[in-house]
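Peer 1: Given next are the chains, with one letter for each unit.
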Amino acid sequence: MTPEVAKPQRFWEQCDTWEQLVQCCRELTLDIGFSAVRDWKRRTGGSAIGCFPVYVPQELIAAAGCLPVSLFGARGQVEIDHADSRIQSFVCSIARSTLELALTGNLAWMDGFVVPSICDVARNLSGVWQRNFPEAFVFYLHLPQNVVSDPARDYYRAELSRLRTVLECHTGRPVSDAALMESIRVYNRNRELLSELYRQRAAQPEQWPLSHVYVLAGAGNVLPRSEHNELLEAALRLGRQRAVTRRDTVRVVLRGAFCEQPPLELLEALEETGCAVVDDDLQIGARFFAGPIAEQGDPLEALVEGYLRGTVLTPVNNPGSRSRSADLLTRCRERAVQGVIFASPKFCEPALYDAVLLKRASEQAGLPTLEFEYEEKMTVFESVRMQAETFVESILFFS
Amino acid sequence: MAASYRYQGIGRDLQKELLGQWYRRLENAPQNGTPVAYLFISGNICELLRTFGFELVFPEVNALQCGIKKVAGNFILKAEDLGYSSDVCGYVKNDIGLATSGNRGPFGTMPRPDLLVCNYAGCNTYIKWFEALAEHFGARLFLLDVPYRRTGEIVRQEDLDYVVAQLVQLAGVCAEITGNRFDRDRLSKALEYSRAAEDLWVRILASARNRPSPFDAFFEAVFFMAPIYVLRGTPECVEYYQAAWKEIEERMEHGIGPVSEERFRVVIEGPPPWPHFRAFWELFKRWGVCCVASTYSKVGGIWDFGLRHDPARPLESLAEYAINCYTNWDWTLRRRMMERYVADYSADALVIHSVKSCRAFSVGQADVREHFTKALDTPTLFLESDLADPRYFAEAQMRNRIDAFFEALEHRRKGSVEA
Ligand code: SF4
Ligand code: SF4
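Protein chains in written order, with the numbering used here: chain Y, 347 to 745; chain E, 9 to 427.
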């Protein structure tokens, strides 16, 4: 068990500089003891619900008065020991390390676990969880895989209603439409602030470093979104005041990290070599709707419509009538990107399959690419650093 | 088995013949102008597609054939050259290698698809596989979304309704491509054949309750099951199972079975290592091991607990079938199935063959071992290799583990007799 990182509540109000705020958020993001969650539970007496990436409708969980917590594995801080006898070594780190965290008591705060049907690993993980932790509820969320077919609408709505009922039974209180709509507003605001942060970064990457923005977003994994909104507002204020020196960088997009997360050091290494990552799918869990979802009408319908039509495309959702390659290339144009980095978690099949097709599409469009795999527990970044340096140089000097 | 028996070998030979004919029809499809659809084994709704006149390609069966015929390695390497990671499913890589080699395998040249039906039942990799093929062939892709069967509930009506509604849509797509109208009576007729074949297949599976078992429910079942997975809904398929049943009956009459002396009865979980199939079987035969029930033989449908295709409810029963394929069940349901098999078939042990390629099977198999050894005290042997990639089979190591396990089991048995 890691020591509790005791943060004063609303610590963002007490940070005078960007660096202080980033440091606090870094500790929160990497805290596998989940002290912020335990603290929230103590304060409110509410339930905390773990959400496996990617497309869990956290709005619904928050509307039930629970704290949705985005789980992103053990951030490279545990040895896989107990989980090894449940899930084998040729499986991605996040599944194994999340289970390890639970088997070692680090997730004892978790009152429920929502697992979406993103891949074979996640699907089976839900069953392993049920056997090992029979006391917590496990909700398996089936995400429609054919988003343009009409039956998907009713079906997904029924799925969400079922989750709503499970939450209601758990808390003993109904989830009203008004509460759900309010929750949607809070999440919309959160997405707006995160987009603003990303827009700033795309405009001035040196001013808003990737690893900093990453932990600012990461703090939202364990905080109520309303509080995270305040934090992001503070961040935008402080970030604008920073003075930084310009340097030669190349503008790149990073893809593949929508579920399992790379070590923070890897993101830092990329930046140090001169990759200005101006768009990414890191920790996509929290911002998977591409834009705001409807704030009028039936709130459940807003979540359904948002999922069927308005999600960010990843290898684990159905693109419907859109195309993942076209989507990526549009993104690259909009952000004036010079190259694409495909960083896939080792053993993550969805990411690895898509990397082949997207890499081909990028290269055909004349965009240089860099591809590598990562693991949660990787500690040596030299090879990635060298590859990235060559990549940056080739773009700076030859294109 | 001695040549004096009348029906011995028929299950295997007739199966080969039927598959050969099917592959020939596929080779001739382009020149005959027959429309071609590709689909997967788990939850395959082949009867519906055949109603529209499609010839059907099952890429998984092609991959399996390449494995057995020992040409998978080259196709897999070819896909890896194209950028596919060494850690992704070997079946997919085998197929990509095949598709980019003129679609020509040991079974002949496969026609291009007019329609790719991704019957997403039990495996998410299916989706990634057909997305890649859709791009390669520029073919239309229909995604049939089959919800995972979750614990503790009967198949939920909304799951059934959801699949049925999509089947109606799929029928519309098929009509558009083939120019043929949906013929409900024709579908019902096909489902009658399906049901008849399923009855016979279940009878064959259940025969393994006998001692000795006349049938190996893994090493033989993987061949015996082929017709019900790829030719279901046809009269030939029913005839095949009638003939196969005769073979089994004859074995029961004479008290013969797949091993000369049945010493151990096991339940096997997981797929076989196709590129080393023979060698793998031999390692068990040496110990007089007969598999009496297996989960792999249920990947394309679970009928031994009563489910059948139903001509009176054609679309609904197709949906029900698709939801009930082995890897489309969650682990609680799968574990219960194995528990039942161990009890109902009087098995001495559970053997888990965990393959790297197939996470749909393997993720959580170690947990199954925990459950059986620790919670139930059932001897459990855990083996690892691959179903497609020949590089992952370490024979010497495999032999050691198998020998050690059955030696210990023998010991345990002697101990309990003496006690
Ligand atoms: S990292 Fe990839 S394989 Fe692992 S759970 Fe996430 S999506 Fe699935
Ligand atoms: S993961 Fe398993 S079920 Fe899926 S395509 Fe590969 S071998 Fe088949």
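Hints listed in this document are in silico derivations from the structure and should not be mistaken for laboratory results.
Among these hints, one or two may not hold up.
Partial pick of chain Y residues on the chain E-facing surface, computed with a CB cut under 7 angstroms [as the list claims (entries may be wrong)]:
1. 431
2. 432
3. 433
4. 435
5. 490
6. 494
7. 497
8. 555
9. 699
10. 744
Even for Gly, the Cβ is constructed at its ideal location relative to N, Cα and C.
Peer 1: None of the hints should be skipped; say for each whether it holds.
Peer 2: Status of each hint after checking the structure:
1. Hint status for residue 431/Y relative to chain E: holds, with the closest Cβ pair at about 6 angstroms, below 7 angstroms.
2. Given hint, residue 432/Y at the interface with chain E, holds; its Cβ is 4 angstroms from that chain's nearest Cβ, closer than 7 angstroms.
3. Among the interface hints, the one on residue 433/Y holds; its C-beta lies about 6 angstroms from the nearest C-beta in chain E, closer than the 7 angstroms criterion.
4. Below 7 angstroms, beta-carbon pairs count as interface contacts, and residue 435/Y has none with chain E, the closest being about 10 angstroms; its hint is therefore violated.
5. A cut of 7 angstroms between beta carbons decides the hint on residue 490/Y: the least distance to chain E is about 6 angstroms, and the hint holds.
6. With its C-beta approaching chain E no nearer than about 9 angstroms, residue 494/Y sits outside the 7 angstroms limit, and its interface hint is violated.
7. Because the beta carbon of residue 497/Y sits about 4 angstroms from the nearest beta carbon in chain E, less than 7 angstroms, this interface hint is met.
8. A cut of 7 angstroms between beta carbons decides the hint on residue 555/Y: the least distance to chain E is about 30 angstroms, and the hint is violated.
9. Nearest Cβ of chain E to the Cβ of residue 699/Y: about 4 angstroms, under the 7 angstroms cut. The hint holds.
10. Interface restraint check: residue 744/Y against chain E, minimum CB-CB distance 22 angstroms, threshold 7 angstroms, status violated.
Going down the numbered hints, you'll see the structure goes against 4, 6, 8 and 10, while the others check out.
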